[in-house]
Amino acid sequence: DAMVIQNPRYQVTQFGKPVTLSCSQTLNHNVMYWYQQKSSQAPKLLFHYYDKDFNNEADTPDNFQSRRPNTSFCFLDIRSPGLGDAAMYLCATSRVAGANVLTFGAGSRLTVL
Amino acid sequence: DAKTTQPPSMDCAEGRAANLPCNHSTISGNEYVYWYRQIHSQGPQYIIHGLKNNETNEMASLIITEDRKSSTLILPHATLRDTAVYYCARKGGTGNQFYFGTGTSLTVIP
Numbered sequence: 001d002a003m004v005i006q007n008p009r010y011q012v013t014q015f016g017k018p019v020t021l022s023c024s025q026t027l028n029h030n031v032m033y034w035y036q037q038k039s040s041q042a043p044k045l046l047f048h049y050y051d052k053d054f055n056n057e058a059d060t061p062d063n064f065q066s067r068r069p070n071t072s073f074c075f076l077d078i079r080s081p082g083l084g085d086a087a088m089y090l091c092a093t094s095r096v097a098g099a100n101v102l103t104f105g106a107g108s109r110l111t112v113l
Numbered sequence: 114d115a116k117t118t119q120p121p122s123m124d125c126a127e128g129r130a131a132n133l134p135c136n137h138s139t140i141s142g143n144e145y146v147y148w149y150r151q152i153h154s155q156g157p158q159y160i161i162h163g164l165k166n167n168e169t170n171e172m173a174s175l176i177i178t179e180d181r182k183s184s185t186l187i188l189p190h191a192t193l194r195d196t197a198v199y200y201c202a203r204k205g206g207t208g209n210q211f212y213f214g215t216g217t218s219l220t221v222i223p
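In order, the protein sequences belong to chains A and B.
By this note's numbering, the letter at position 32 of the first sequence is numbered 32, and the numbering carries on one by one without gaps.
By this note's numbering, the letter at position 86 of the second sequence is numbered 199, and the numbering carries on one by one without gaps.
Bound conformation, chain A alone (with noise of 0.2 Å):
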């Protein structure tokens, strides 16, 4: 089945260690979001490519990047994790067209310690 999957599922790291998160997909989506999900808050848009146009939020701090070198992976880099930082990580495909809809993976719960 054509699907978003998201690894690892679980990531524990350090204060201040480097963490690196991986999503890929099988549908040929054009547009991949990576999106933070703190504890019993609603998901919040981080930044997301539209092909290999890279769309950052306002407010997403500089300590988080984006990479995506082809159409069927993208990574979300932390490049200096914080104990806020802890969260639900969750990416999502779209197409590009009318009312499309987000595909989401089943999410990398990171833990900072």
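Among these hints, one or two may not hold up.
Claimed, not checked - DEER-style ranges, computed between Cβ atoms:
| id | chain 1 | residue 1 | chain 2 | residue 2 | range |
| --- | --- | --- | --- | --- | --- |
| 1 | A | Lys38 | B | Lys116 | 17 to 27 Å |
| 2 | A | Arg67 | B | Pro121 | 33 to 43 Å |
| 3 | A | Gln14 | B | Ile176 | 43 to 53 Å |
Since the hints were made in silico from the structure, they are not lab data.
We put the CB at the ideal spot given by N, CA and C, even for glycine.
Keeping the supplied structure of chain A fixed, place chain B upon it in accordance with the hints.
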């Protein structure tokens, strides 16, 4: 998205209709309204979307007010498996961004 608000929680008896409201008073004329639900520790799942007209699919119905400032998701016969957090969302910004509302935690009671 602070502009899209929902009640924090609701209960519904099993077999009854669940009506989940969303306030999106600042939505612009060409922005769709979407609904997703999220079961604990999983990614959100798409339910339904609409622009102006009411919509229905196999999962739910969506009622959008004429002024488009609010909408209601209707689960016609709630089951225990419908217990989840329900988010309304709007598509804004340059056209590809999806912003989620505050979410409603729905509990279906046996």
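Against which earlier hints does the structure fall short, listed by number upward? none
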